[in-house]
Structure formats: structure tokens, C-alpha cells
Amino acid sequence: MDFQVVVLAGGTSKKLVPLVSKEVPKALLPVANRPVLSYVLEQLELSNIKDLIVVVEGADAALCVGGWISAAYVDRLHVEVATVPEDVGTAGALRAIAHHLTAKDVLVVSGDLVSDVPPGAVTAAHRRHDAVVTAMICSVPVSGLSEAGSSGAKDKTKKPGRYNIIGMDPTKQFLLHIATGAELEKDTRIRKSILRAVGQMDIRADLMDAHMYAFNRSVLQEVLDQKDKFQSLKQDVLPYLVRSQLKSEILINGAPQGQQAKENGNDKVSYRILANASTPSFHELYALGPNGSAPVRRTHKCCVYIASNSKYCVRLNSIQAFMDINRDVIGEANHLSGYNFSAQNNIIHPSAELGSKTTVGPHCMLGEGSQMGDKCSVKRSVIGRHCRIGSNVKVVNSVVMNHVTIGDGCSIQGSVICSNAQLQERVALKDCQVGLGYVVSAGCEYKGESLARKEK
Amino acid sequence: MDARRVSQVVPKVRQVGFVTHSDPNPPPQASRTQSVPIESNSGTPYDSPDFSPVMIPPPRHHSENLSHLRSAAVAVPESSSRRPMWDDRVAVVGSYNPGNSLLGQPVSPNSSEVNSEASTTLGWFGRNSSGKFSAGSSFPGGGFDLTTVKMENFTQLEGKKPEAVPGKGGGGGVEVNNRESSSNTLKAKTTKAERRETQEAQRAAKAAGKAQGNKPVAAAGGAGPSNILRQPSQNRDDPAVGSTIAGSDRRGGDRPPERERKKDVPPPRMQFDDQGRVNKSKKRAVFNQPEAKNRVELFRHLPQYEHGSQLTDLESKFLELDSMHPAVYKVGVQYLAGDVTGGNARCIAMLRAFQEVINDYSTPPGKTLVRDLTAKISSYVSFLIECRPLSMSMGNAIRFQKSRIAKLPLTLSETEAKAALCNDIDRFINEKIILADKVIVRHAATKVRDGDVLLTYGSSCVVEMILLYAHELGKQFRVVVVDSRPKHEGQALLRRLLAKGLSCTYTHINAVSYIMHEVTRVFLGASSVLSNGTTYSRVGTACVAMVAHAFRVPVLICCEAYKFHERVQLDSICSNELGDSNDIARVPGRPDVNSMDNRTNEKNLQFLNLMYDATPSEYVSMIITDYGMVSHIDKKCSFFFLAFLVVC
Chain A
0 MDFQVVVLAG GTSKKLVPLV SKEVPKALLP VANRPVLSYV LEQLELSNIK DLIVVVEGAD
60 AALCVGGWIS AAYVDRLHVE VATVPEDVGT AGALRAIAHH LTAKDVLVVS GDLVSDVPPG
120 AVTAAHRRHD AVVTAMICSV PVSGLSEAGS SGAKDKTKKP GRYNIIGMDP TKQFLLHIAT
180 GAELEKDTRI RKSILRAVGQ MDIRADLMDA HMYAFNRSVL QEVLDQKDKF QSLKQDVLPY
240 LVRSQLKSEI LINGAPQGQQ AKENGNDKVS YRILANASTP SFHELYALGP NGSAPVRRTH
300 KCCVYIASNS KYCVRLNSIQ AFMDINRDVI GEANHLSGYN FSAQNNIIHP SAELGSKTTV
360 GPHCMLGEGS QMGDKCSVKR SVIGRHCRIG SNVKVVNSVV MNHVTIGDGC SIQGSVICSN
420 AQLQERVALK DCQVGLGYVV SAGCEYKGES LARKEK
Chain B
0 MDARRVSQVV PKVRQVGFVT HSDPNPPPQA SRTQSVPIES NSGTPYDSPD FSPVMIPPPR
60 HHSENLSHLR SAAVAVPESS SRRPMWDDRV AVVGSYNPGN SLLGQPVSPN SSEVNSEAST
120 TLGWFGRNSS GKFSAGSSFP GGGFDLTTVK MENFTQLEGK KPEAVPGKGG GGGVEVNNRE
180 SSSNTLKAKT TKAERRETQE AQRAAKAAGK AQGNKPVAAA GGAGPSNILR QPSQNRDDPA
240 VGSTIAGSDR RGGDRPPERE RKKDVPPPRM QFDDQGRVNK SKKRAVFNQP EAKNRVELFR
300 HLPQYEHGSQ LTDLESKFLE LDSMHPAVYK VGVQYLAGDV TGGNARCIAM LRAFQEVIND
360 YSTPPGKTLV RDLTAKISSY VSFLIECRPL SMSMGNAIRF QKSRIAKLPL TLSETEAKAA
420 LCNDIDRFIN EKIILADKVI VRHAATKVRD GDVLLTYGSS CVVEMILLYA HELGKQFRVV
480 VVDSRPKHEG QALLRRLLAK GLSCTYTHIN AVSYIMHEVT RVFLGASSVL SNGTTYSRVG
540 TACVAMVAHA FRVPVLICCE AYKFHERVQL DSICSNELGD SNDIARVPGR PDVNSMDNRT
600 NEKNLQFLNL MYDATPSEYV SMIITDYGMV SHIDKKCSFF FLAFLVVC
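Residue numbers (numbering that gives the first Met the number 0), protein chains in the order written: chain A, 0 to 455; chain B, 0 to 647.
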């Protein structure tokens, strides 16, 4: 289908400290005991995409990700892992691998997207309109932007967090305005020319950019070449393309307008027949001269694909999101996890050992080789592989990664405990994150803290 | 090909609309749809009672059928004056007899230019069709004893299958008998090929029977077709004979032409009320199309899907459809989403996609280009049909495309072959669509006079060109654009006309009888013109044509010759297209009247959103094609001519 797929796996995101580290880059964070990147790759594999480029920031992270991919997808996918320096941003990453891109269109997917929206839908919408960029947008997750879910509930006066402000035409096919990041705080400015050309604009604050874009390759490369200050696709390239859609400065090669019509008379006529027969979008109407003569203005189209509400689509870009996704993947959106759930609606690996009077509730997961002592209770939590959990431990709404040792009498609520961490006896954690290999000494109580080893 | 299906022995045929029975007297409704008014056609061969209204179009490559029809056409009383014109048409196409055109206008000064243009078009045509026409035009016009020919045929028939009743009503008789005989053979051996063969044989026998029925009339008309007629008629009898003899020798001589014909005859159109077949085809389908639940009983045989969900389903499969060429996919999505509408545009879009397919094509090892590419294009076509049923013009274009592939010389290398095919497509678009439009525009512009008020319905690209061209010529006229819900196609036309400075009136079809008082000419486009003169076009066209007819306003249909089809259709029921029922349930921009919204699945409510209708030819004063203008009087004969000219 002449599409190339680029997965931006990122590196070690600062937002996710202390969950991520040099050993565990963001792409390998476990979601229901599978690296988050595998969700994207599997979705792509389902769509029959075998060749893809995974871009990782930083050499160490690239080594980890590359190692994992080659082990997991050895004869299923043909994956090229490209390394880019850290902090070049998404646009910089694409700039760095520009010479690898040859197809007509490029599908750029963020590696932290957990979604069951078929990527084909985005690409099809892109092709249908001959757009320069098509962005997938989805509805904002229920929990909102706030870092800690519990604080949001208490503080009711606080406005719900916004991810994006998105303006669309009434048919919901074209993107007319997008505000991201810092722009959200300022007043929204909308181009008059666009508004005049379209006539009506729907502005939505309940949608967010899912960071899955289909780009016309030549346009993308041209923009990246010309605007070397652009750092991020989401905050620079996309708003730029949207802003300039009615006074396009880019040369679309193979543009349907202009060149083809000039070739000779007959082609011109056939082009006109085609143009007259199709319902013109506002771009074409705007491009026309004052009396319907040949197009005088250059335009390009920015499309959107709105994922339906029944689909699951969340990005893992904060600790809260990490918790939510883990809960959803073994809960509501359990078709994503690829596991078979037991009759009790949970997954307990056959090699896991449970002590007497230990209960594992629904929407839970217990990894391979984990041991639990007596009288434990696990609710809505994910426990990784080879964990050793003592007696009288309560784990609620938490994520426990691999090789974690938890002493007797611990209580863990709403927390994330990274691999190789050790919790000694009678530790009580609420809304905490425990970093890789951290040791929590006996009897401590923490609430809403992030515990990690000091980086050497 | 519903008409064809009806006549076959398939037991599960759903007979919709007007169906001829073996009863020799056609039902009274049928005579209404014959396009020549009853009182005027006493001399034509078509009003004989055994000329069944549901005529089976004879297989194309049987030149004897063609020559027969042609000769029958010549046998119209005033033919002596027109015969030279026929020959003219073959030689220099685009000329027309000014005396015949209804409006009686002199040939415009630029018609010679038109002729030269058109004749280049035909030069290409002629290559394919020369055989037929030379056969047709070479017969001497002299008086001929046709009765002997006829008698010979009869004796032949009677000798070999005594049950065939020749003469009037022969068509029906032969058919019935063949059914019996074929059912016997069916019991005896039921391999697929043989069943097919018997069907073909029946079809041929039927054509023979019909010819028998028509021949006496042709003889009475005076101009006798001669040995040409005789020799093929023997040919024609052969398969029929084969079927009755229940053949030991069937595997012999007449197999290759049979097979050839098989290739040529398009498969019968699917009847969507036949549950078994629908299920079977669903398995083959590229994407999932939930069918609408409440369908109008009369139109159950047409595909109707729940619009809306199709597109998302197809879109989500985009990357999974490995075998689909992106260009074809894009065209399919555009059809489905309604981004591209209109016969010419859809045809051009499809051909351009095929051009890209051919460009990107490379023959897989162990296969030949001719076969593999044909199969590939067939699979693409079936995908496009899934997206939206093909228009007849597209069918013609596809047939052309396939015939070009089949006729590729084997000596060509792959690159040469691909270049040749792309070139062919370019030429098809240029000559059959664009140049044809130009010629039509020139012709039609002669019909626009100063002070005229021209009415058009919907948005036809060729009518638009006519209006713009006439405006460029400096003629003073006014345009009435009649439009209808739910598509409001006329608005786009109106906008473009206004941009060029024409003075326009815009109205909806409800008001057509009021506005018709001041109109002097009606120009309409057509999706297709069928060989009985019926115009198949956007729904509402028939209404406009009838109102115009009642007001004695000439109705001019503008239609490129590639949109002509040999099919005969009497109504718009047996073949039509159903649109999205939500379109008519919902009034855009008026939330206050959307009480019908969300009621599309209500049990006792059925929506019918027809896309096309059929205009009987008596309401049409003139058809303007790229081969000239065909006026009311000689339309009958011309359609056969044109239909066969096109399908070559």
C-alpha cells in the first residue's frame, strides 16, 4: 500500500521517572507484564505490516529495545531499530532517519500508544483525501490529565485538564485548528481565513491527539528541512501544517492540481470532469479564483480520523496513565492483553504459588513463578514474574513488576513497584512509586512519594 | 443482465417488473413501454405481437444477429431515403440528416470540423468492428426473395426439431420446448460445462426463433437482406440442433465459439433476495457490509446496505488488503463515500486507477500477462462493485479494457504490452469521453438559439459544457436548473454557471410544472441509453422529461456513445441502485423536522431512496451523441446501431 511505518519509541522519559531508567526505557515498561511497545507492534502486525522502523532515543535504550524486539519478533516482523541522540524531539528523530523513508506516505506512531484502533483507518482516511497529514484523535481518558487520580476527585473546583483544543469542519474530516502544550494556557487564536473558507468550525476540548499521524513523505521531509527549529511533531509540525493549509508553502509533488491540468487540453478536461463531479472540500473552493477559473491559491489538506468511543486509545505518557492502562488492560479493555482470562476474570499463571487463604480478585494478574504467602489479598493489580510476597500482604490497585520481594504484613495501595525492589516487613505505601532495585526498610509508611535510588 | 436471467432455466428466478411469458400475446402494459407510439408504428417491425418487450439482446459477436437487426432496421418504411445515410454513418460518423432532426435546424458551419474530429474517433472503432459493418453494408439493396430463405430455415428447423413452432409466437414456443428438452439433458448429465452449454444453446435457439418471427415483417418492408442473412442463420441453428440432439457430438466443433461467448457474456447480476447467493458472495467480500433490515419489497433484489458502517469497516482494512492496489482502493473508497459521483467522473477515475495498476504490474513467474492481468482487473472490478454498483458506462469501459488485454499480441514484451495498454486507456478517455463530449457540445450548441430558456435537471457534466459553450458563442439564453433532494447536485452546477456569468433560475423538481411554461428546450444528461431507447438516468429525469413532453417542450438527452448499452430495460425496477436511506430520512440543517431520524430500523417503516429511473423513449425528442443527433422518428433503428457500435 506504499506506506512506511515509523514507531517512535522514545527513550527514558522524564515524566515517568522513577519508573523508567537506563535499564528499562519507556518502550519496555510492562503493561500487564508485556512491554508497552508490544501493543503497538501487535496492532501493526494485525494490520499486515511487516516492515517497520523503530526509533529509539539514546544508545543504551536502543540496545535494550533492539534486544527485546529481536528476541520477541525474530521471524514475525522485520524491524529496523534506529538510534537517535537524546532530546532531539520527535521531529528531530524523523529528520535523522529521513534517508530511510522512501514510500509515498509515512505512518508515524508513538510507541507508547495502547489502542485497538486499526492503523489502517488512519491511512485510509489519509489516502481518501490526498491529505498531507492525517492525525488520529481520540476522546480524552476519563481520569483526565491530573497526575494523581485521587487528588482530582477531592479538588472539584479545579478545571478538568485539557490535552488539546481541536477545531474541525462540520463533517469532522478536516483539521482546522489545533492547540497543544503551552498554547493551551493562552487565548486561542483562530485564523480568520480558515474560518471564512469553512464557514463553520467545531471546537472541541474533549478530544486529544493520539500521536498517530499519516504524513505525505515529501511534504514531511520538506517541512523538516525548511524549518530546522521544529522539535516536536505534535507541537510544531502539525500546528504549522494546519495553520498554513490555505496558503500552502510546500510543493506537493504529484499534486492533483496545477501540474496535471497544465499538461494538455484533454487532461485538463478530464480533470475538470473529475473535479466537478466530486463534492469539493473547502480547500478546493478556496483555491479557486474569484470566478471559478483555474486554481490560483495553493492549499493542502489536513485530515483527522476520530477514533470511535467504543475503541480503546490511551497514551502511556504519565505515571497516572501507566496505572490506568495497566488497570484497563486487565479490566475493561482486556481484549488488548491477549491473555485468556479465567472464570474469575483474572489471570494466574499456572506456575504461580498461592498460600492458604490468599485471594486474588477479579481484574488481577499474577505472573509466572510468583509466590504468595498466606492470607494475602490482591485486588485490581498486576503482579509480575518471580515475585516473592510474604504473608498478610494487601495489594490494591497497584502494579508490581518482576522479581520484587515483599515482606510480611505490607500494604500497598495505588502504587507502582519496579523490578528488583525490596519491601521489608510492614511497609505501608499509598500512591507511591518505588524505583528499580530500591529497598524500603521495615515499618516505613509513605504516602504519595516517589522513592528511587540516587543516580550515580 | 436481468432480462437474460429471466429467460434462463434457473429455477430460483425472481421475476420482477414486466415479464414476458410464453404467452404469445404480450400483456397490455408491455405495449405501453414500447417506445414508439402505437398509432405511428404500423410499419415498423417492432409492433408485431411476437416482438417480446423483454428482448434478449443477442450475443454480440454473432454477426448474423447484428446484420439481422440492421436489416430489420432498414426495413422501416422511409428507409429508402435513409439507407445512404447509414452508409454515411459508417464512413463519416458525426454527420446527421438535418431533415430527421426534430428541430430541423441546418447543419452548423462548424459541423465539418466536428466530422473530422469524430471520424478520427471512429477510425479506431472501425478496427474492431469493421467485420460486422462490412457484412452489414455489403448486401445489395435489390429485391430479394426472402420467403425462400425463410422457408428453408423453417424446413431446417422442422426437420431437426419438430416441436419448434415457427412463425408468430415462435420465440415463446421454442423457449418452452427447449426448457423441456434441457431438463431432460440435465437429468442425464449435470457437469457444469454441459449445463452451461445447454443454456447457451437455448439462448441461441431463442434468438433464432425471434429472427423467424421478425423476418416476414422485414420482407414485407421491402428491402430484403440476402444471403448474408441466410448463411448465418444456418450457423445460428447449429447450437440449437446440438441441444436437441442431446449431443454425442457436442464436444466437437462448436465448443470454441461457445467458450468464447461465455467469456463475452457478463455473469447475471446478483439478486439480493436470493439468500443463498448473498451468503456465498459475502464470504468472498472484501469487507463487511451489514445489510439494511427494512427493505421495500419490490426492490429486495437490489443491494442495500447500512451506510455509514461500511466506510469505517473498509477503512480499517486498508493495510490488510495486500492484494489491492492503492489506487484502486482509493477509487473504491471514494465511490463508497460518495466523493466521486457522475458517470464520466467515475469512469475516468476507475480507468486512471487501472492505468496505475498496469504501470505497477509485473507478471509473476509462471504466469502470462494476458491471463493474470485480466484476473487481477476482474478482482479489482468486483471490489469496486462492492463499493458501489457499476454504471453501465463503466461496464463498457471494463469490457473494452479486458478485450484490449485479450487482444494483445503474444510477441510483445511486458513493458511494451503495459505501454500499449496504458495508451489504450488514454485513448479511451480522450476519444470516448472527452472528444465525445466536445462533439456533443458542438452538436447541441446548434440547438440553442437566442432567447431560449433551457432547462436542465441535476448536474450533468456534458450539459454544463453545452451551456458554457453556448454562452461562449455569445448566444443569449437563460438557464433553469431543476434540482431535487437529497443530493442537491444542481447547486454545484448552479454555482459554476453563475461563476461564468450565465443567468439562471434555480428551482426544485416540485415546481417543474410551473417553470415548464417558459422553457423552450430541456437538456438532460444520461447515465446510459439502452437499446430500446430507454434513458437510464438520475432519478427525477423521467419526471422532468414527461412534464416537458406534456408541455410540448423538446427534450434533448446528451449522452456519449460509450454509455449506450445493448440491454433492454422497460422499467427502473429490475435494475437500479438504492441509496442511503438516511439521506431521505434526514433534512440537513433542519433539526426541527428530523422526526424520521433514527427510525430507519423501525419495523413498519421502509425507506426507498432510488438512484436512477428509466425514461421511455417517447418522451425524448432527440438524443445527442458523439455520432450525431438521433431524433424521435429514427431513434428505434439507431439504438441498435449505436449499441452495437459501442460494444466492440
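Be aware that a few hints might be false.
Derived pair list, reagent style BS3-like, types lysine-lysine, alpha-carbon separation capped at 30 Å [said to hold, decoys possible]:
#1 Lys281/B x Lys49/A
#2 Lys191/A x Lys226/A
#3 Lys49/A x Lys316/B
Computed, partial: chain B to chain A, Cβ under 8 Å [unchecked claim]:
#4 Asp272
#5 Gly275
#6 Pro325
#7 Lys329
#8 Asp338
#9 Ala344
#10 Ile347
#11 Ala405
#12 Ile424
#13 Ile433
#14 Cys460
Simulated from the structure, these hints should not be mistaken for lab results.
For clarity, every value in this text was computed on a predicted model and none was experimentally measured.
We put the CB at the ideal spot given by N, CA and C, even for glycine.
So which of the earlier hints does this model not fit? 4, 5, 11 and 12
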